[in-house]
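Trainee: Sequence:
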Amino acid sequence: MRHAEFRHHRLVQVYDAECRWGPDDDFFQAVVDETPAARVLDLGCGTGRLTVALATAGHTVTGVDPAGASVAAARAKPGGERVTWLEGTSALLPERAFDVAMLTSHVAQFFVDDADWARTLADLARALVPGGRLVFDARDPADRRWELWNPVDSHRLVTLPDGGEVRAWTEVTGVRDGVVDFTHHYHFGDGEEILSSATLRFRTEAELRTSLTRAGFIVDRVHGGWHGEPVGHGDGEFVVLARLGPVAPVF
Numbered sequence: 001m002r003h004a005e006f007r008h009h010r011l012v013q014v015y016d017a018e019c020r021w022g023p024d025d026d027f028f029q030a031v032v033d034e035t036p037a038a039r040v041l042d043l044g045c046g047t048g049r050l051t052v053a054l055a056t057a058g059h060t061v062t063g064v065d066p067a068g069a070s071v072a073a074a075r076a077k078p079g080g081e082r083v084t085w086l087e088g089t090s091a092l093l094p095e096r097a098f099d100v101a102m103l104t105s106h107v108a109q110f111f112v113d114d115a116d117w118a119r120t121l122a123d124l125a126r127a128l129v130p131g132g133r134l135v136f137d138a139r140d141p142a143d144r145r146w147e148l149w150n151p152v153d154s155h156r157l158v159t160l161p162d163g164g165e166v167r168a169w170t171e172v173t174g175v176r177d178g179v180v181d182f183t184h185h186y187h188f189g190d191g192e193e194i195l196s197s198a199t200l201r202f203r204t205e206a207e208l209r210t211s212l213t214r215a216g217f218i219v220d221r222v223h224g225g226w227h228g229e230p231v232g233h234g235d236g237e238f239v240v241l242a243r244l245g246p247v248a249p250v251f
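Quick note on full-length UniProt numbering: the sequence shown kicks off at 1 and runs consecutively.
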């Protein structure tokens, strides 16, 4: 199954247990908190860890994700009732409704095709108010993080809330022109094995900047890590902060 960790009921639980609060969450929350009582869009919200935290902090938050199982898990979390949850894509977004939009956990890399990425940025430009902020992360291809996605380096044990353990690892199945195909393996204690395949696009900083400019955004900063490091000297990330120009382009 493709993207099974977002769609399969057992793997959604594994994903939620494995993906705990981290420095990336601290960074995104700090950015959002710069706009008091912001209207926030979390596109690709997953199981809602950060989405719920932002709503609890007093922001008006909308979480959007195409995976129904993830949205259901997010809605069921304590504080989930504070969030407006939408199952779908950026095409659902209302016009001029948000002060801040964010794509976390490398969601931007799931838009493999340039046309899909351009459409998503166009939707975000339509949904933000002029001057509204866009913040997202993507892995720096120069870091070559996918080389660690092998059965040895990626092997891990995930402990579930009930104490059970899931053995997991990742293997790359193809690399071409900035596109990486891979498969996650999950082995449960009861003997069930579930595979989840996916494809990510690793865009260069120049490619990201160009795509944002074409969509009407002004790039304010690109960091290389979660503590403001320069590109190439941080966590192997592009942490992008941009804002919508005063007059959005017509699409």
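Since the hints were derived computationally from the structure, they do not count as laboratory data. Among the clues, some could well be false.
What the hints assert, rightly or not - Beta-carbon label-pair distances, calculated as ranges:
#, residue 1, residue 2, range
1, V152, R221, 14 to 20 Å
2, P130, P161, 27 to 33 Å
3, T35, G228, 15 to 21 Å
4, T89, T173, 23 to 29 Å
Quick reminder that beta carbons are idealized off the backbone N, C-alpha and C, glycines included.
Trainee: Give a verdict on every hint.
Mentor: These are the hints, each one checked on the structure:
The beta-carbon spacing between V152 and R221, approximately 36 Å, falls outside the hinted interval of 14 to 20 Å. At roughly 44 Å, the beta carbons of P130 and P161 sit outside the given window of 27 to 33 Å. Evaluation of the 15 to 21 Å hint for T35 and G228 yields a pass: the beta carbon distance comes to about 19 Å. Against the hinted window of 23 to 29 Å, the Cβ-Cβ separation of T89 and T173 comes to about 26 Å, which satisfies the hint.
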